[in-house]
Structures are given as C-alpha cells and as structure tokens.
Amino acid sequence: QVQLVQSGAEVKTPGASVKVSCKASAYSFSNEYIHWVRQAPGQGFEWMGLVNPSNGATSYAEMFQGRVAMTRDTSTTTFYMDLSSLRPDDTAVYSCARGKIVGGMDVWGQGTTVTVSS
Amino acid sequence: QSALTQPASVSGSPGESITISCTGTSSDIGNYKYVSWYQQHPGRAPKLLISDVTKRPSGISNRFSGSKSGNTASLTISGLQAEDEADYFCSSYTTTTTFLVFGGGTKLTVL
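Sequence order for the protein chains is P and D. Be aware that the first sequence starts at 2, since it is given in this note's numbering, and climbs by one per residue. Be aware that the second sequence starts at -18, since it is given in this note's numbering, and climbs by one per residue.
FYI, nobody ran anything at the bench for these hints, they're computed from the structure. Any given hint could turn out to be false.
Said to hold, decoys possible - In silico contact screen, one side only, chain D against chain P (beta carbon under 10 Å); selected entries:
no.	residue
1	Thr6
2	Tyr15
3	Trp18
4	Leu29
5	Phe70
6	Thr75
Yeah, the Cβ is synthetic: ideal placement off N, Cα and C, and Gly gets one too.
Given only the sequences and the hints, what does the whole structure look like? Please build it.
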C-alpha cells in the first residue's frame, strides 16, 4: 500500500546536524509534494517546508531558512530533511507527509524522534 | 503556542454529536478554503479526515464533517463511537511567515 517509511531515532549534541530520510512507495513519486512537519513534546505541529518531487524545488518556513535543506533522490524515491545547528528546542518528532501544495496531507510517515541534548 | 486555537479537550457519549472549533485569523482560515482536519490515535500517524474545509477523502465516514464561518473552522463528529476517542487537530494555509499553520490539538473523550 501507499506508504512513507522514515529513518530511525537520532540523538544529537547541540550544534550538530541531523538528516532524516523518508522513503516513498506504491504511488507515483512525482505527483505529490512532500511536506516536513515537526511536533515538540506537548506542542502542536509546526510546518517546516515542502519539496516538489518532480523538480526538487523547495519552500521553507521563515524560521528554518538557512538551517534546513530538503532534497529528494528520484532513483530511490527517497526524500531527505537536513537540519543543522541543532539546539535543545529542536527536540521533536519529525514527520514527512504527502499532499498537494496546499490542502490536506493524506499519507504520513511514522515519525522520527530527534533528541538534542548535551 | 500554536497559531490556530483549539479547545484542549471535548467529550461526548456514544451516539451523540460533538463539534471541535479551530480559530485563526484573516491571514489563514478567514480568507482561504484550505482547512484540513486530522485524527491521531496515540503512537499512530495522523489520519486525514477533512481537506479544503468540507471535503472527505475516500474511505472517511460521513459521520465526520467540516465547516467554516469567518475566522473559525469546525469539525463535527456525529454518532460518536468509542473508536473516535483520539486527538484531533486542524491546519490551514497561511500568508504569514510560514505556509501552513496548525492547531494545538483537541483530545476527544468518549464517555
């Protein structure tokens, strides 16, 4: 069935970078955008950005500009989210989700817990 | 603090109807028809219930319905069932410093 499968949990020290992967399967890779969102403990979801799988174009939330990079590998139908200069308040569950450029996200990855701690 | 405001909790008995509100501003809900609602059970990925304010994806029960008035969107669940007990959150397109904003989530308890 259509699914997005993410990489496993990560523990990082402040200042480090993390790269989370999201492998898409069982649907036409190029037809749907991939959004990245995160949810810190006890908080609501926060949109980080999106990538257009057909051409790799990206759009990032202003608060992550300069610190995030979202890419895709068409040969392996895998998306990546790279977040640098990590801080303790980046501790969250990071999720990829499929959807239109606006509108609902109908398939979600299982989430990747990233813990930033010294 | 989330950009969209939802009640922290709501409750209802089996068979009843409940409504969850989601309040934003004219930069998001008030001027755009891109409100979505999601259901999330503990430890599970979110499930899309409603997109574009009122549209139900294939396979979603017609017990779930969405609406919007002014800066507030609403999700109504009719004929409450035990399996509806979950967290529900809203999202909307926005013209602020981001692209999508979310509500903080509402915990639904089925009594």
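Violations among the numbered hints, reported as their numbers in ascending order: Hint 1 contradicted; others consistent.
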